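Based on the sequences and whatever the hints tell you, model everything.
Number of protein chains: 2
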Amino acid sequence: WQRFVAKMVGVMLQLKKPAQDDPRRLIHSFKVALSITTVSAFYFVKYLFVCFDKNPMWIIITVILVSEFSVGATLAKCFNRGLATVLASALGLGCYYLVDSIMGGHIVGSVFLGTLIFVIVATMTYMRFVPQIKAKYDYGFLVFILTFCIVSLPSYRDEDLLDIAKRRVITIFTGVLMWILVSIIVYPIWAGEDLHNLVSKNLQKLGDSIQGFGDECFGTSEGEGSNKSNLQAYKSVLNSKQIEESLANFARWEPCHGPFRYGHPWKQYLKIGILLRQCACLIDSLTGFLDSTKTPSEIKNKVQETCIQISKETGKSLKELSVSIQKTIPPCAANPSIQKSKIVAMNLKSILKSGLWEGTNLFEDIPIMTVTYLLL
Amino acid sequence: WQRFVAKMVGVMLQLKKPAQDDPRRLIHSFKVALSITTVSAFYFVKYLFVCFDKNPMWIIITVILVSEFSVGATLAKCFNRGLATVLASALGLGCYYLVDSIMGGHIVGSVFLGTLIFVIVATMTYMRFVPQIKAKYDYGFLVFILTFCIVSLPSYRDEDLLDIAKRRVITIFTGVLMWILVSIIVYPIWAGEDLHNLVSKNLQKLGDSIQGFGDECFGTSEGEGSNKSNLQAYKSVLNSKQIEESLANFARWEPCHGPFRYGHPWKQYLKIGILLRQCACLIDSLTGFLDSTKTPSEIKNKVQETCIQISKETGKSLKELSVSIQKTIPPCAANPSIQKSKIVAMNLKSILKSGLWEGTNLFEDIPIMTVTYLLL
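First to last, the protein sequences are chains Y and E. Under the working numbering, read the first sequence as residues 1316 to 1691, first letter to last. Under the working numbering, read the second sequence as residues 1316 to 1691, first letter to last.
These aren't lab readings, by the way, just hints derived from the structure by calculation. All values derive from a computational prediction rather than experimental measurement. Careful: at least some of the hints might be erroneous.
No copy labels: a pair is met if it fits in one copy or bridges any two.
[To be verified] Okay, derived cross-link-like pairs now, SDA-like style, lysine to any residue, Cα gap no bigger than 25 Å in a straight line:
| hint | residue 1 | residue 2 |
| --- | --- | --- |
| 1 | Lys1331 | Leu1408 |
| 2 | Lys1451 | Ser1561 |
| 3 | Lys1331 | Gly1424 |
| 4 | Lys1449 | Ile1342 |
Here it is, written out as structure tokens:
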């Protein structure tokens, strides 16, 4: 019984974690619930219910499917869904009437329509594999296939097909509009802001890692635990590519807000991201040396001082760059640190030229850091 | 006009590329089209149409939404969709009857039902942020929210609610069954096979990169172009984490097939993947040295021979490991190469101890390669 209680507490703690990491997730959940409850008013209020042709189901479905976390993602998805619905409805109607007028009612007509559906579905499914389309319009193509099939297939019900198509377009647009309004007006979550924070946080993590590495490698650390976690911080930077790219993709959809304007250089963020990953790679290789650096103590003593200094200065300047990105100010504060670390690097180089090969990687950080600096 | 033609040709070539990279994509498209056309028979044949309560739309929607590329992904999605539909239908019906029996028809009942929907939707949306759920059951939770809303909301139509729920469950299961049959019987695409090939291909790419690096760094290369692309091969390995994890996730769903059985060690593939990414990181750092290695030519001459040898042997053994993974045989073929590269590495070490610091990273590859080897 106690184990059961302990397990339940564990599960509850896990449930609490996402909200602790990012409280906006809680807000997002309430936003979704709010908009769905509002939409369900279409069911409760008889007048609205009749307005939407007794079938407001698609409004609810649309709201649920379109409710993405950030504004940019929402707009991208809404655009996809809206455009795809209109195009597919038009094409589906066209196909249906074409077949109907030429050979209506015959079995040949059904076969022809089936062939048409086969060809179009196969083409669209295949198109989804094209990388450029997959990145941006994957959802749109899915909706296109769906709507096309629903509209073009004849039903034996005595309803007007044009009516079905029209109603589908109207309900979907109502749903889309609903969620766009809620997501922009009620505590909006911007993908651009996320990207901005992610990049600056990654810079800081790298700074932490480099400092942690210097301490760890040359054994001046006391608080072991916190250092280890600092040293591991770079690992999340290594795998940040997909997140950054999708955020940048969404950020381009967002209207101007806060300190950002249209034409904010999102591509620059991606470039910084690439450099950061290279830098994280270097740190990863450096940690590979951790064990091997523990043996030759006479050489170590010679470089120890400089190496600690260099890792400290590099880490410091990376962190200062991170702050300056965060505040979108020119990175003057980092200048002295970079100057210092360059000087220390020169020192180290001259020491190394006298015949050592330990810790060489360290000053390979400097060029990359400088490039990062130049990009700002 | 000519520019227009040239552009069209360019677009056509881009369209051809996915099929060239992986012809199974073409087959997948045809499979989807085939199953949808088959399902649309429910519309054309009047008897079937009546059977499914005049609304086979949801079968088509299900087939389209559930049609994933690999069998594993399909089964995972079908399981999610099926289970979520049943649970949500039950809960939705329960909620509706509860509210209906206590305070049916009153405005209070509507408000109470609205509150219930609000709470459940908010909880479910929030749950989707928990990492473990997001990785495996994200789609299931989405379907749960959808079905719950549709079933629990009262409609003013004179239909039995139980009937709606029952029909929804039946149509969705028909659609799911349809696609599962097509995807397993007609030229199945296994995620496990993909993962298997991906890992062995990544190993080979790393081998290529290391060999390319050796040639490039010490300037014995003639065919510049092909070497450059070899050298860049490791880059795709760096970003393979997400793909590998999702493939391994799907592979666990797949029934036994081909050379694989239940309990195939998918987790081992992920471990190899992590080691491969570390190795790719090392290569990435090595390429950073490419420019700096071009200057000091007297030291270079001393190590040149050994370095070329070491990169060749390492590359060769990586490639042989790749072949042995591909064929699932013990990696005996790689043994001599690994022995050789170890010997060469020892040579290099002794050279380096006489006071050089160029190219030190090279023999850092050996331990990692050996670990990869031990894992098999």
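Structure-based check of each hint:
no.	hint	in the structure
1	Lys1331 / Leu1408	neither (49 Å within a copy, 29 Å between copies)
2	Lys1451 / Ser1561	both (9 Å within a copy, 20 Å between copies)
3	Lys1331 / Gly1424	neither (58 Å within a copy, 32 Å between copies)
4	Lys1449 / Ile1342	between (30 Å within a copy, 18 Å between copies)
Comparing the model with each earlier hint shows violations of hints 1 and 3; every other hint is respected.
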